[in-house]
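Here the protein sequences line up with chains A and B, keeping their order.
Mind the numbering: the first sequence is residues 1 to 534 in the working numbering, read in order.
Mind the numbering: the second sequence is residues 1 to 382 in the working numbering, read in order.
By construction, these hints were calculated from the structure, which means they are not laboratory data.
These numbers come from a predicted model, not from an experiment.
Every residue, glycine too, gets a C-beta built ideally from N, C-alpha and C.
A hint or two may mislead.
[Stated by the list, open to error] Straight line, CA to CA, 30 Å or less: simulated BS3-like cross-link-like pairs of lysine-lysine:
(1) A:Lys260 to A:Lys312
(2) B:Lys99 to A:Lys312
(3) A:Lys308 to A:Lys260
(4) A:Lys472 to B:Lys218
(5) A:Lys260 to A:Lys449
(6) A:Lys392 to A:Lys449
[Unchecked claim] Reference excerpt, derived from the structure (chain A facing chain B, CB under 8 Å, subset only):
(7) Met111
(8) Pro183
(9) Ser316
(10) Leu319
(11) Ala504
(12) Ser508
(13) Asp513
(14) Gly517
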Amino acid sequence: MILIRGAEVYDPANGVNGQVRDLWVDGDRIAPAPPEPGTPEVIDGSGTILAPAGVEIHTHVAGYGLNSARRFLAGDPALLDLLTPSAETAAERYLSLGYTTVFDAASSPLMARLTSNDLQRMAGLDRGTFTQLGDHRLLLQALAGGDLQEVRDTLAWLLRVSGGYAVKLVNPGGGVAWKAGQPAPGLDETIGLGTLTQRVIIQTLVRLVNEMGLPHPVHLHAGRLGLPGNAVAFCETARALDGQRAHLCHIQFYSYGQDKHGGYTSAAEQVVQYLQEYPQITCDVGQVLFGAAMAVTFDTSGLSILQKKTGKPWISRQLEGEGGTNILPLAYLARDATSAVQWATGLELLLRSPDPTRLFLTTDHPNGAPFTAYPQVIEWLMSRPARQEILKRSHPAGTNKCGLAGIEREYSLGEVFAMTSWGPARALGLTDRGHLDPGGLADLRCYRKQADLRWMFSRPAWVMRRGRVVVKDGQFASPAEGGLLVVRPAWDNGRRPHIQAALADLISVPVEDYALGATSLSGAEEVACTSRMS
Amino acid sequence: MDTLEKNQVTCPFCSLHCTDLHLSLDGDRLADFTPACSLGEAGFRRAAAGPSVAQPAKSFLETALRTARTWLREARQPLVVLSGDLDDEAVLAAVRLAKQYSAILACDEDCTGSVLGLSMQAAGLLTGTLADLHSQSLVVLCGVDPARTHPRLGEFLGRDLAADSLFLDPPDPLEALRWLRLAGLEAAENIPAVFAESAARIGAAPSGLVIFGPEWLKSGQPFTTELLLWLKDLNQENHWYALYLAPASNSIGVVEALLSQTGFPGNLRFGLEGVDYSPQLWRAERLIQQGNADLCLLAGQPGSFSEETLTRLSHGRTILLDPDQPAWTSPVWLPAALTGVDSSGQVKRLDGVPVELQPVLQGSRPLLKDLLIELTHEEPPA
């Protein structure tokens, strides 16, 4: 057993907020204090902050699209390393920041092997991927046909054969419309498959996923990404969910108003107020930082609009029977009005949001910034002077067109851990982590208390994964195998011939080889589909 | 002689990787091969008749491995040259080996990595997978003849490429591209008739597919960039997809595997300070000719390296990992299984879709990947 003695403990799930306590670890689990302690290994926790390890709910660190991004960065090794590190390096960096569970935000069934290859190489973490089905023709055809049992079975089959953990919808139907030469559809516009609209896709799939009991609800990348004035459409999308459980990702990119010249303003206040009406919805922020970034997205119709506006070269790889992966180099500049509004809007969302267990810290790596910027963002959230300093140095739009400058709130440590551990773990349906209850996984992070918050969060004193210290003072102490988290929802196997016959008309590879084919996932850990939250 | 019937065989011999082959082998003779494809048939005929499945003597292999390890350890600057028809797993093993011995890793003789990559930085690219490319209203073939290099491509695209396409094969392709780009501008005048006609057909098509190959890429990067810029122009109004006819069966996969592992598409040096990427500096033939590398490890499949290339690269110590025994003496030869014939392996089709190759014949030669891993291991104690 391990005794962590006398640390300042933060456990938002249990209302523990900085009390000095002992914590016991037995094997890979947190344990109650034993009646007969014996001679445990003791870790001195005095002067340190102890909390559950971080849980990443939305990042892009695996899969096919990243190689296109690497093409753009071959001439700048430092930027390449920052924005598109190899899977192994990304895993090490997450661990060294105190994160032990990481979810890649979107993978394609057709390219599932490639995502799986990368995830296998991130063995030090628990990790998984969300399967992007928002433009999957097989699923959309089933939806257009109106047979909900067929839709449900198709969903389940696609998740199973792709090794996915959750259903991702990226601007659903937008890729289908784009391929047909149509503009990006609004919520109630048809996408070219009968009368099927984005609203019907979202409403139906969100409901079915919840009925199927998947641990994580639909992970939704809405339409109108990045456009001025998009907050209205975004709120309408949130309303379309009818109060069902769902996760809306990188909402900073949807929280814009529009000034009379068509420029960007922050609509963070309205968006936060609106989302309060829907307590079943969780979100992540997608904070941008000033500097280089890289758009990596399945949102072809959305990114094509941005590409035309910027005139920059992009790489777009369309996938048969699905949407496509798209890459566009970006730069957020402090001197640029739009970038300043985007930067301020993200922080404003986080600071106006009353509940850190519903809005989580992400940078949508590498779309908004690299995930290694989390300590910097945390410092801004915890220190008003720190963010005011950046506001002073950035374009006045960050002050004039946003509400950030007037916000006095500073996050507490407890709120930081709720936002980065307990909240995302709960949203992902991972009941065994993100808290310090006995029986929970002994995935922990420990910081030496210090005034420099950015430094403190950059360099944990140690990180424990499943009861083993894996990082100590920035050094990797011992490897520990993590699990590949997957779901295997129930389905009617009798529909297999029908599904496979329909799929064969859409793809150029044998159906038996589609997605992971016969490839087995080593280290797969199935998470039960028993969620009953609606 | 036993007769062997195999259905649903995946072909390893070009980057289409057709999955619907039927083979009938009568001993070491290919008795039947359908559907018709000159490349696939020739490849399997050669593989069946050759010494492909012979088990190398254990002592021979151990001696070769021991010598190879010693040479790698002793080398001042080892060079690892990968052909474009290795499977993805072999590439990953080669990267680990190159890291361990601080080697230079060169793999870009066909330009798939550097030239195409640098041009993509400048101009971007819209591409797609084969089933999505069916419905394009016009196919433009730029200096390529798919009937020769990828005989069944037309079937995948649902059209007769010989009859239903626009062929662009001018004596000066760069000039042609510039005229075609100019023709897209409304104010352009004095377009030569030959280009004006092509430009009119292209301009009238609501969507299209441009297929190009290594022949045009070898004209250099400015040329390739011009090609992609032309496509970018076309994409202002419509969807014009590009499809690169990779020259080797896994050119795309090798580059993608390297990008995924190292961040770079090839031609790089591993050192204590990290990876140094230089597509021009770390070219295999240049390194050997200038004496900058004193050991060359070549990993390939039969015919990957021409006799001429092999001769140029084998000035000093040479280690060859290849199913076929080399014609010349002195190198260390490590006989490897032939991917897709007597070994499995993941490759990528020319459109980037991953495909699993399965062994057709029973073989007992070691996988190329395993040989590379063996070389990465420390010498076992005597």
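Hinted contact Gly517 (chain A) with chain B - closest CB pair below 8 Å: This hint holds: Gly517 (chain A) lies near chain B, its Cβ roughly 6 Å from the closest one there, short of 8 Å.
Satisfaction of the Leu319 (chain A) interface hint, Cβ to chain B closer than 8 Å: It holds, given that the least Cβ distance between Leu319 (chain A) and chain B is near 5 Å, below 8 Å.
field: Ser508 (chain A) as chain B interface residue, shortest Cβ-Cβ below 8 Å
entry: holds (4 Å)
query: Keeping to a limit of 30 Å between CA atoms, is the pair of Lys472 (chain A) and Lys218 (chain B) held or broken?
result: This hinted pair is violated, its Cα atoms lying about 50 Å apart.
field: Agreement of Lys99 (chain B) and Lys312 (chain A) with the hint, judged by alpha carbon distance not exceeding 30 Å
entry: violated (35 Å)
message: Lys260 (chain A) and Lys312 (chain A) were given as a pair; does the straight-line alpha-carbon distance stay at or below 30 Å?
response: Distance of about 26 Å is within 30 Å: holds.
message: Tell me if the straight-line CA distance from Lys392 (chain A) to Lys449 (chain A) falls inside 30 Å.
response: This hinted pair holds, its Cα atoms lying about 28 Å apart.
query: Given the proposed pairing of Lys260 (chain A) with Lys449 (chain A), does the C-alpha separation stay at or below 30 Å?
result: violated (47 Å)
Status of the Met111 (chain A) interface restraint (C-beta, 8 Å, chain B): This hint holds: Met111 (chain A) lies near chain B, its Cβ roughly 7 Å from the closest one there, short of 8 Å.
- prompt: Can Asp513 (chain A) be said to touch chain B, with a Cβ gap under 8 Å?
  reply: Result: holds, 6 Å to nearest chain B Cβ.
query: Holds or violated: Ser316 (chain A) as interface residue toward chain B, Cβ cutoff 8 Å?
result: holds (5 Å)
message: Please check whether Pro183 (chain A) passes as an interface residue: C-beta within 8 Å of a C-beta belonging to chain B.
response: Check failed: Cβ of Pro183 (chain A) comes no nearer than 13 Å to chain B, outside 8 Å.
Hint compliance for this structure: hints 2, 4, 5, 8 and 11 are broken, all remaining hints hold.
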